[in-house]
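Protein chains in written order, with the working numbering: chain F, 1 to 235; chain U, 236 to 667.
No lab work stands behind these hints, which were simulated from the structure alone. Treat the numbers as computed from the prediction; the structure is a model and nothing was measured. Any given hint could be a false lead.
[Said to hold, decoys possible] Straight-line distance between alpha carbons at most 27 Å, and here's what the computed DSS-like set of lysine-lysine pairs gives:
1) K105(F) - K18(F)
2) K579(U) - K75(F)
3) K659(U) - K154(F)
4) K579(U) - K105(F)
5) K638(U) - K609(U)
6) K427(U) - K579(U)
So the chains spell out like this:
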Amino acid sequence: MSSTFSEEVRARLEVDAKDVIARYPQQRSALLPLLHLVQAEEGYVSQAGIRFCADQLGLTTAEVTAVVTFYTMYKRRPVGDYHVGVCTNTLCAIMGGDEIFAGLKEHLGVGNDEATEDGRVSIEHVECNAACDFAPVVMVNWEFFDNQTPESAKRLVDDLRLGKDVRPTRGPEGLCTFKEAGRLLAGFSDGHAGEGTQAGEPSLQGLRLAHERGWAAPEPGAASDRRTGDEGSAK
Amino acid sequence: MTTLTPVLSANWDRHDSFTLEGYRADGGYEGLRTALTMEPDTIVDLIKSSGLRGRGGAGFPTGMKWGFLPKDNPNPRYLVVNADESEPGTCKDVPLMLANPHSLIEGVAVAAYAIRSHQAFIYVRGEVLHVIRRLKQAVEEAREANLIGPDVLGSGFDLDVVVHAGAGAYICGEETALLDSLEGYRGQPRLKPPFPAVAGLYSSPTVVNNVESIASVPLIVRHGAEWFTAMGTEKSAGFGFFSLSGHVERPGQYEAPLGVTLRELLDMAGGVRAGHSLKFWTPGGSSTPIFTDEHLDTPLDFESVSAAGSMLGTRALQIFDETTCVVHAVGRWIEFYAHESCGKCTPCREGNYWMVQVLDRLERGEGTEADLEKLLDICDNLLGRAFCALGDGAASPVMSSIKYFRQEYIDHVTHGGCPFDHRKATVWGGTA
Chain F
1 MSSTFSEEVR ARLEVDAKDV IARYPQQRSA LLPLLHLVQA EEGYVSQAGI RFCADQLGLT
61 TAEVTAVVTF YTMYKRRPVG DYHVGVCTNT LCAIMGGDEI FAGLKEHLGV GNDEATEDGR
121 VSIEHVECNA ACDFAPVVMV NWEFFDNQTP ESAKRLVDDL RLGKDVRPTR GPEGLCTFKE
181 AGRLLAGFSD GHAGEGTQAG EPSLQGLRLA HERGWAAPEP GAASDRRTGD EGSAK
Chain U
236 MTTLTPVLSA NWDRHDSFTL EGYRADGGYE GLRTALTMEP DTIVDLIKSS GLRGRGGAGF
296 PTGMKWGFLP KDNPNPRYLV VNADESEPGT CKDVPLMLAN PHSLIEGVAV AAYAIRSHQA
356 FIYVRGEVLH VIRRLKQAVE EAREANLIGP DVLGSGFDLD VVVHAGAGAY ICGEETALLD
416 SLEGYRGQPR LKPPFPAVAG LYSSPTVVNN VESIASVPLI VRHGAEWFTA MGTEKSAGFG
476 FFSLSGHVER PGQYEAPLGV TLRELLDMAG GVRAGHSLKF WTPGGSSTPI FTDEHLDTPL
536 DFESVSAAGS MLGTRALQIF DETTCVVHAV GRWIEFYAHE SCGKCTPCRE GNYWMVQVLD
596 RLERGEGTEA DLEKLLDICD NLLGRAFCAL GDGAASPVMS SIKYFRQEYI DHVTHGGCPF
656 DHRKATVWGG TA
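Isolated chain F (complex conformation) (with noise of 0.2 Å):
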């Protein structure tokens, strides 16, 4: 492996690397859009990914590998096309991440951080993912995957090494590579944010429930001595 871009890739990436550091007061704070926009090519970040960072900041590339190593997105070696997270953090663990994560790393044969042989798909164990009413939760290339349980998980995975269409709870209607979810996470856009659900069930409980027994915040302007959102019973 060159520790260098070639010339090509080079030119096609200045180009991008000059609209992201564009957006900032400071060119560094580009940093972190420009690692996952060298991720987006090779789908790690390599010693050439490094280079050309700090090529386009003026850093060492000391410096940039500095940050590379504190962030778990930043992956150092190759994963699979399909990079499948467990939530294993205590809420999902308990509602069943760690079974899942567990029939995940049998079924494949694969341990944490690792990917199958046909590098289709690697797994790992993430944490909190801020969708706890969806427990347990799955991610693959960092769209959500609800309500999953060790068959459902098996299911997906399986599909993914066979090239099906896989799409996800909340989110596009199909599943990106690993490589084009870097591109998006630097900021540029790939025309499929209006796909997919705007909530699912768990995000419309409460607003549901308002409906069904007519409730809802005080009107404006009708604001009185009593509190409202409350009823009856006094402070």
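Could you slot chain U onto chain F? The hints should help.
For chain U alone, coordinates are given in the frame of chain F:
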């Protein structure tokens, strides 16, 4: 009885709630129009009088934070939205940005105008691709409609908004670590003071606010401070998301006035899952000391939760029933804190590393009763001894679980390991 008050979630059942058209259909961006007719300082005063307190966990009064910006500092001012939602149990900002990103963009425009900032950043965690898509689309739509960008709605006010994706680090939810990360460094907290209001992003005056706080601002501008204070309690005004998760029949988002109780919320959510009973819960994420069924009637406002020995935090109510082993639960949280400790402060870096090992050996049946004192001693050396609150947060579940469930720790010693069958706690294993 307290009732729900859907405000920020009021339009989430519209299939197009995330589009500019869908948001405007229910009065979206009217708050911005009103704001642009007001003096910026008048808006700051309005937010102060509304009593809005930060919805990201700490509960600091939002208007007061804005008021701390020094008047005589010639550097540009920055508005930074903390959208790095990652406190375990917290799951409100992500659905908000997915369903209603324009409420955040409108809030950014109003808040930036109020604090006289022309550059705003939304620092969103990287692990939520579809949220990033929706935010970016909302920014583009708002720019095309002249709701942000140069000369907003002909007012002469210029505002640039940048969506910035993080890269996987819980610590970047801490505001000064977030700023370091946004500057392109490792996300490590800074020693305060100086606070961001004085020396924040690029050492310039900076306001850092949570997503839900900022999204609430245009509604207060539109409907008035009295409308806001008509909900909630005297010192904890307004509404907020209460996020129920875990062993509950209908987990989800419940937008209610501050001061609602868990008993009321559980009643709305169909109760603890059938055939089981409440064992322990977090009022505001894993960094807030756990509560038990003794606290079902504690009003969930800043003062009452604090008086009962915990913190309101992010109103992330993680519910655990009697099938859950508290030592196992706490052990997993501490693994998280050890993993996410940035390493800057020794008590946090080493303390969490040690606690993982102690909790591990208790689970394996190799612990002793002396391990309880060891854990409490480590917590004593952790609490209040690190630059940021991550260390304090890690001490919370350990100390509170020993306080309420000491015997369960001892049972691990006498039983020679964990006495629980973890399969019973799972979604599929819990049928009574």
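Now for the hints, and whether the structure bears them out:
no., hint, in the structure
1, K105(F) - K18(F), "violated (41 Å)"
2, K579(U) - K75(F), "holds (22 Å)"
3, K659(U) - K154(F), "holds (21 Å)"
4, K579(U) - K105(F), "violated (33 Å)"
5, K638(U) - K609(U), "holds (14 Å)"
6, K427(U) - K579(U), "holds (14 Å)"
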